[in-house]
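Engineer: These are the residues of each chain, in order.
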Amino acid sequence: MVKKKEKEIEEMEVIENEDEVVEIEAKVELEEVKLQPEKALYYEKLFGGKK
Amino acid sequence: MGTIANVLVGKAVLYLREPNNAKAEMSDQQAYAGSYSAKLYKSGSGNAGSTHIELASSTLWTAKTVDALVADPTDYSFYYYYSAVTGNFIQFELKYEDPDSDGWMELTVVPHQNTLGLATWTKKALALTDKIGYGGIAESGVSFFDWDLGDTIAEAVTGPLSGTGTPAVGDWQLKRVRLELWEASPERTAYVDSIEIDGTTYTIEPGGTAPGMKLDSASTEVGYSEEGLTIEYSAEVEDVRVDEETFPIGAALTSEDVAITMNLAESSMYNLDKAMAGSLLSGSILKLGAGTLKTLNARIEITNPAGYKRHILIPNCIATGGVAMQSRKNEKTVVPITLRALKTASEAAVTIIENVA
Numbered sequence: 001m002v003k004k005k006e007k008e009i010e011e012m013e014v015i016e017n018e019d020e021v022v023e024i025e026a027k028v029e030l031e032e033v034k035l036q037p038e039k040a041l042y043y044e045k046l047f048g049g050k051k
Numbered sequence: 001m002g003t004i005a006n007v008l009v010g011k012a013v014l015y016l017r018e019p020n021n022a023k024a025e026m027s028d029q030q031a032y033a034g035s036y037s038a039k040l041y042k043s044g045s046g047n048a049g050s051t052h053i054e055l056a057s058s059t060l061w062t063a064k065t066v067d068a069l070v071a072d073p074t075d076y077s078f079y080y081y082y083s084a085v086t087g088n089f090i091q092f093e094l095k096y097e098d099p100d101s102d103g104w105m106e107l108t109v110v111p112h113q114n115t116l117g118l119a120t121w122t123k124k125a126l127a128l129t130d131k132i133g134y135g136g137i138a139e140s141g142v143s144f145f146d147w148d149l150g151d152t153i154a155e156a157v158t159g160p161l162s163g164t165g166t167p168a169v170g171d172w173q174l175k176r177v178r179l180e181l182w183e184a185s186p187e188r189t190a191y192v193d194s195i196e197i198d199g200t201t202y203t204i205e206p207g208g209t210a211p212g213m214k215l216d217s218a219s220t221e222v223g224y225s226e227e228g229l230t231i232e233y234s235a236e237v238e239d240v241r242v243d244e245e246t247f248p249i250g251a252a253l254t255s256e257d258v259a260i261t262m263n264l265a266e267s268s269m270y271n272l273d274k275a276m277a278g279s280l281l282s283g284s285i286l287k288l289g290a291g292t293l294k295t296l297n298a299r300i301e302i303t304n305p306a307g308y309k310r311h312i313l314i315p316n317c318i319a320t321g322g323v324a325m326q327s328r329k330n331e332k333t334v335v336p337i338t339l340r341a342l343k344t345a346s347e348a349a350v351t352i353i354e355n356v357a
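Protein chains in written order, with our numbering: chain Y, 1 to 51; chain L, 1 to 357.
Since no wrong hints were added, every one of them can be taken at face value.
Below, a list of computed lysine to aspartate or glutamate pairs in the EDC-like style, where the Cα atoms sit at most 20 Å apart:
1) 95(L) - 44(Y)
2) 175(L) - 75(L)
3) 131(L) - 44(Y)
4) 95(L) - 67(L)
5) 95(L) - 198(L)
6) 45(Y) - 148(L)
7) 309(L) - 354(L)
8) 175(L) - 106(L)
9) 45(Y) - 146(L)
10) 332(L) - 266(L)
11) 123(L) - 205(L)
12) 131(L) - 38(Y)
13) 95(L) - 146(L)
14) 95(L) - 38(Y)
15) 214(L) - 18(L)
16) 11(L) - 354(L)
17) 131(L) - 75(L)
18) 131(L) - 155(L)
19) 95(L) - 75(L)
20) 45(Y) - 106(L)
21) 123(L) - 75(L)
It is worth saying that the hints were derived from the structure and are not from the lab.
Only chain Y is shown next, with the shape it has when bound in the complex:
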């Protein structure tokens, strides 16, 4: 999901200054946190490792 979003951002030509890029990247990171279910941590604890 995040990679896809980053690709979309790269393709966007409307981004003209660095500040705007930082802001959009921060938004993408926030979205990743919300979408990543905490149930993943349960399996990491149960089976070990990170997948």
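Assemble chain L onto chain Y, guided by the hints.
Structural biologist: Coordinates of chain L only, in the frame set by chain Y:
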């Protein structure tokens, strides 16, 4: 003639959850069909974990395989009513087992991540495009899981990202379904009703057709006990009397109480903490004198001779009574626990739910 199935035999099992920040209840506050629905609640704080309604088969559902789910996920659906906040709502977990080995897998469909609740009843049928996460033990005995949500139902189980091989799960059969809230935050409520499993819809009602129905919230079983569990209901009644009659002409209920008492044979720190009203457990240290009064969530599970479960749910209760523990040579130290039910604003203090399937 009597009814054998009405004769309860055997021990009751006590499960506790504390802190009391997640609840699974049978509620008549909302219902899509019938009078009740399953109410799943997270308070917004504490640890994540499964707060769920569970439907389970006593044997494997042989025709309900992973392949069958992937072929037509729309045969699996549910109705939901979410509180008006944005959060991760219902996850649809399907537990499959391999009939030929000890292999098992929990496949969780997460269609409502970061979703705004609309406080209205809506149907969700699973779709090929819904994201999934899964984890389990393969036929070979090796664990696997993949929870980066890169897969959908259509892509099915493609194996762990570490690339140690794709477990063959296509013919694994369904054992259990859970509809759950997992993340602790934000504070939210999800009502769930009319759960469809492989084309059969089960209305969520006490005594309904949903097989092996259970409401739970990541609770902990207290373990071995001594002399069973006692549930004591008491009521105080005030008579209405008049000079002209010798019998009371009426009566009014002035107070009610439900207390559960049990002798816990396992003197674990967890059990000690739950038995003592004001204790504070943090890792391996139990403190007394912190001045707090814990509220707990209690669930008691009893099996009747017909093999069906009866659940006694007490969403809010407190530990009361003295905790006297004797340490003697060659004798076990028993931890006595007494729990007293408290009333919540919108739900009953105690509900006893009988399964007939």
